[in-house]
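Could you build all of it, start to finish, from the sequences and the hints given here?
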Amino acid sequence: MEPQLELLPPEILEAQSAFAERLSACADLDALLRMKGAYVGREGSHAARLMELLKTAPKEQKRDLGAAINALKNAWEEALKTRQAELEATKKAIPAEDATLPPPRPPEGALHPLQRLMDRLVEAFRPLGYHVEEGPEVETEEHNFDGLNIPADHPARGSSDTFYFSARPDLLLRTHTSPVQVRVLKRYGTKNAAGVSLLEEKGGLRFLAPGRVYRKDEIDPTHSPMFHQVEGMLVAKGIGMQHLKGTLAYAMKALFGPGADVRFRPSYFPFVEPGCEMDVRCPLCGGSGCRVCKGSGWVEILGAGLIHPKVLEHAGIDPTVWSGFAFGMGVERTAMMVSQSPDLRLFFENDQRFLAQMGGLD
Amino acid sequence: MQIILSQLQRELPTAGLTQAQALERLPMLGFPIDGVATVEGETVLDVDVTANRPDVMSHRGLARDLAATLGAELAALPTTTLGGAPQREIRLETPACPTYSTAVLTLGATQATPADVQTFLRALGMTPKGLAAVDASNELLHRYGHPTHAFDADKLQGAIRVRFAQAGETLVTLDGVDRKLTPEDLIIADDSGPIAFAGVMGGESTKVTETTRTVLLESAWFDPKVVRPMARRHNLHTDGSHRFGRGADPVMAAVVRDLLAQRLIEWAGATVLSAWTVGAVPARAAAITLPLTQLNRIAGETVDAAEAETLLARLGCEVSRSATTVTAVPPTWRHDLTLPEDLAEEVLRLRGYDRIGSSLPAVDADPEPLSPSYRTAASLSRRLAHLGFFQTVTYGFIGPDEDAAFAAAGNPAEGRALGNPLGLEYSVMRASLLPSLKATALHNRRQGQKEVRLFEIAPAYPAGLEGKPSVALVWGGLRGGEDHLTASRAVLAADLRGVAQSLGFGSAPIQDLGDGLLGVEVALDTLAAPPERIIPRFQGFSRFPAVERDLSLVVDLGKPFGDLAAAMGGVLPQPELQHLGVVDVYRGKGMAPGKQALLVRFRFQHASRTLTSEEVEGWVQSALKAAEGVGATLRA
Ligand SMILES: [Zn+2]
Numbered sequence: 001m002e003p004q005l006e007l008l009p010p011e012i013l014e015a016q017s018a019f020a021e022r023l024s025a026c027a028d029l030d031a032l033l034r035m036k037g038a039y040v041g042r043e044g045s046h047a048a049r050l051m052e053l054l055k056t057a058p059k060e061q062k063r064d065l066g067a068a069i070n071a072l073k074n075a076w077e078e079a080l081k082t083r084q085a086e087l088e089a090t091k092k093a094i095p096a097e098d099a100t101l102p103p104p105r106p107p108e109g110a111l112h113p114l115q116r117l118m119d120r121l122v123e124a125f126r127p128l129g130y131h132v133e134e135g136p137e138v139e140t141e142e143h144n145f146d147g148l149n150i151p152a153d154h155p156a157r158g159s160s161d162t163f164y165f166s167a168r169p170d171l172l173l174r175t176h177t178s179p180v181q182v183r184v185l186k187r188y189g190t191k192n193a194a195g196v197s198l199l200e201e202k203g204g205l206r207f208l209a210p211g212r213v214y215r216k217d218e219i220d221p222t223h224s225p226m227f228h229q230v231e232g233m234l235v236a237k238g239i240g241m242q243h244l245k246g247t248l249a250y251a252m253k254a255l256f257g258p259g260a261d262v263r264f265r266p267s268y269f270p271f272v273e274p275g276c277e278m279d280v281r282c283p284l285c286g287g288s289g290c291r292v293c294k295g296s297g298w299v300e301i302l303g304a305g306l307i308h309p310k311v312l313e314h315a316g317i318d319p320t321v322w323s324g325f326a327f328g329m330g331v332e333r334t335a336m337m338v339s340q341s342p343d344l345r346l347f348f349e350n351d352q353r354f355l356a357q358m359g360g361l362d
Numbered sequence: 001m002q003i004i005l006s007q008l009q010r011e012l013p014t015a016g017l018t019q020a021q022a023l024e025r026l027p028m029l030g031f032p033i034d035g036v037a038t039v040e041g042e043t044v045l046d047v048d049v050t051a052n053r054p055d056v057m058s059h060r061g062l063a064r065d066l067a068a069t070l071g072a073e074l075a076a077l078p079t080t081t082l083g084g085a086p087q088r089e090i091r092l093e094t095p096a097c098p099t100y101s102t103a104v105l106t107l108g109a110t111q112a113t114p115a116d117v118q119t120f121l122r123a124l125g126m127t128p129k130g131l132a133a134v135d136a137s138n139e140l141l142h143r144y145g146h147p148t149h150a151f152d153a154d155k156l157q158g159a160i161r162v163r164f165a166q167a168g169e170t171l172v173t174l175d176g177v178d179r180k181l182t183p184e185d186l187i188i189a190d191d192s193g194p195i196a197f198a199g200v201m202g203g204e205s206t207k208v209t210e211t212t213r214t215v216l217l218e219s220a221w222f223d224p225k226v227v228r229p230m231a232r233r234h235n236l237h238t239d240g241s242h243r244f245g246r247g248a249d250p251v252m253a254a255v256v257r258d259l260l261a262q263r264l265i266e267w268a269g270a271t272v273l274s275a276w277t278v279g280a281v282p283a284r285a286a287a288i289t290l291p292l293t294q295l296n297r298i299a300g301e302t303v304d305a306a307e308a309e310t311l312l313a314r315l316g317c318e319v320s321r322s323a324t325t326v327t328a329v330p331p332t333w334r335h336d337l338t339l340p341e342d343l344a345e346e347v348l349r350l351r352g353y354d355r356i357g358s359s360l361p362a363v364d365a366d367p368e369p370l371s372p373s374y375r376t377a378a379s380l381s382r383r384l385a386h387l388g389f390f391q392t393v394t395y396g397f398i399g400p401d402e403d404a405a406f407a408a409a410g411n412p413a414e415g416r417a418l419g420n421p422l423g424l425e426y427s428v429m430r431a432s433l434l435p436s437l438k439a440t441a442l443h444n445r446r447q448g449q450k451e452v453r454l455f456e457i458a459p460a461y462p463a464g465l466e467g468k469p470s471v472a473l474v475w476g477g478l479r480g481g482e483d484h485l486t487a488s489r490a491v492l493a494a495d496l497r498g499v500a501q502s503l504g505f506g507s508a509p510i511q512d513l514g515d516g517l518l519g520v521e522v523a524l525d526t527l528a529a530p531p532e533r534i535i536p537r538f539q540g541f542s543r544f545p546a547v548e549r550d551l552s553l554v555v556d557l558g559k560p561f562g563d564l565a566a567a568m569g570g571v572l573p574q575p576e577l578q579h580l581g582v583v584d585v586y587r588g589k590g591m592a593p594g595k596q597a598l599l600v601r602f603r604f605q606h607a608s609r610t611l612t613s614e615e616v617e618g619w620v621q622s623a624l625k626a627a628e629g630v631g632a633t634l635r636a
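Protein chains in written order, with the numbering used here: chain S, 1 to 362; chain W, 1 to 636.
Just to be clear, a hint being listed does not mean it is correct.
Said to hold, decoys possible - From the structure, some residues in chain W lie toward chain S, with a derived Cβ separation under 10 Å:
no. : residue
1   : I33
2   : E301
3   : G357
4   : S358
What the hints assert, rightly or not - Short derived list, chain W residues pointing at chain S, Cβ under 10 Å:
no. : residue
5   : N235
6   : L236
7   : Y374
8   : L418
Since the hints were derived computationally from the structure, they do not count as laboratory data.
Beta carbons: idealized from backbone N, C-alpha and C, even for Gly.
Next comes the structure, spelled out in structure tokens:
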């Protein structure tokens, strides 16, 4: 039965006459869904208006009008459905075109391997309550040497080991991250107006200080005038060597995996007493002895010890009340060992191929 | 330090020390082995000794520490007691030399260094000289750790004085170098002037040769505080300066003088005319008292006080013990023991650090947050890496020429220059990170990279020596062209500007670095730190439909879009105007000369209702009028 269109109001007829053209103009599914809403949607659509019209129509017209409305609505729905299927097919057709064609890929960058190693250390120590402290590269002798119990005639202070500034001979490029210890200890040791220090107020101090340091070494496959260290320190009451061992063993497992095996040997640094060095089981030979570990099966990875009482005293902290440990790790040394990179200079050359291979992303 | 295994074993006659035990024990005592070699048929260990332990810088010294940890006996020291009246006046004019043992001997007709001593010296990398006085002195230094010197007594004039040099004095040392002396130099002098650097090196004018008939021996003790800077000042790093410069054992002065004389008797048929000592051995160091509570805290367990006493005594300390303390007077060879902590370390060291327990400390302190600057750098570096940039690490110092191109006028390189750089190209703390990144970018281009995307986060020095943590990006070359959908094109300033703006760099200028490289740099403290909240506070957003309208405007070439945007934005309602941008710029065919067309896109949205087409149309018309007010026309 042909629908009796003359029964319909003019705006509906207009909508009907534009229907075909508008349908083909729908270039994508979004446009089609908008058009569907306008024609057959539950509220405010042309179809909804027609249903309102039917309710109020004179009784004798209702049958024919109903038939006309139904026919129109069905025709619209049918056509919309067909067009929707068409558009969906187009969308699906693209990957079917040739899935082996290389697609556009977002660019891939990388963090520097030294950064990643430092980040991993921070990550390893965060669960133990350590935060991160920073300090400047340009330092004073007080922070770099005096406050660390390094005697005035120590060879490391000489201009053949340490870079000094010509216009400011009182300033130098820090030779280790340990001056951050002096800065932080002084901050925590200073008493406020009430006579209470930050250390007393907080009950302890734990931090890492990763950073760049400088020593006057010629550039060669194993030396660089600039390198990185990660300093760590803990101050509390009743701290002994067992705490240093426990903390570092835990961190090395976080860094190198649960199988990480470490050993502690006596050593000497002016700012700790007792002092030690920590070795990890040689990653290259697994302990049987090779070139990297000089046959010993162990590779030195950091220096550490209990904080020297003079370092605490210099910062105004009473060493008979407070004790703690400190450690310092050479980042490049560890990165070289772990990656088995043949040449330290690779880390400062910054060849994108090296960075892509070594750096990666977290 | 080179140590011959068999000679180390000789000092420990009853220990039965094997090579494997030595290799295992020495590192655990604090003396790592850097290598093992076979020289002259001898096993030679390269032992690493820290600067605080000059007392182990000899075969006997190292054996003494091993004996203490093993509980073994040291070989008895050969004793010869010589005496006699002073043959020549010796004046100690400074406390820097408190004791001076000497002897005068006439040599026999022939002299020969024994074969086993020649092997000893060769195994340690030295060449025997065939002069008994020289070879014996070298042997004794490496065997017992005490440096000695022999003068040709016939070349000496008048009294021997140990004094500081006077300005203007010179000394030709045994290496043939004519050295200018300073008043800080401790010397041996006779009537002719300086004849030796005390404890460092002898002089050419009085040296022992094949024709020497009479020798005067010197076995003294010199203050390390004087010897060490002197050796550094003259760049004379000798076996003698290493030992006196760190602290030798004053008691060994007379002992080794006797041993040296004894060797000359045996090797050169010498006759001792007299042997005597001037001055006295310095007083022993003060007693150190270690409370047992402190020892136990450091050890992490209750240490048996009797064991601590025994271990310290084995080191040569005079030890006494109370119920709560251990008190020790250090031996004359241990200048490094001054604090209770030092004694505690010795006890733990001899027991073995492997016996110390391992536990995490319980610290009753709240964890502190990471600082904003750390979080800024951490999140920025991750974002940049995900955006395709490679993080670089470059030296903080560069050459003055590279620096000058990026330094502000008021920031001269002289204020940032090192006094002792490795070279001119590493002499100035960089005002900007960009020259380093540019050099790195050019390196990568030379290596065949079509596109370079680099960043660095490090301190820059834009105003003197105040380091300012900064981030710099360099981008250049050709982007795209690696797949069938993305065309290859040169990297443009707009590309880097888009990255910079998305990272919140504000109005930091995009700099043309030349060679197709673009750069941008900002100080980290100008960037907003990532929020400390894990999830930020909720802010409402409109759920009503947004309406987009495009307007094609013709403007003069060179007319900045910013002017148009300011004019149009000024007449449009806020916050309904959500976005005002340009989606196309058309220049060329069909345009009047000197003109360009901009396709401007507006997006409007209301917070609480659907916009009507009439009001949106009205806004677009008012925007058009505002644009016309700054010279734009609607494109036909
Ligand atoms: Zn190995």
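Hints versus structure:
| no. | hint | in the structure |
| --- | --- | --- |
| 1 | I33 | holds (7 Å) |
| 2 | E301 | holds (7 Å) |
| 3 | G357 | holds (4 Å) |
| 4 | S358 | holds (4 Å) |
| 5 | N235 | holds (9 Å) |
| 6 | L236 | violated (13 Å) |
| 7 | Y374 | holds (5 Å) |
| 8 | L418 | holds (5 Å) |
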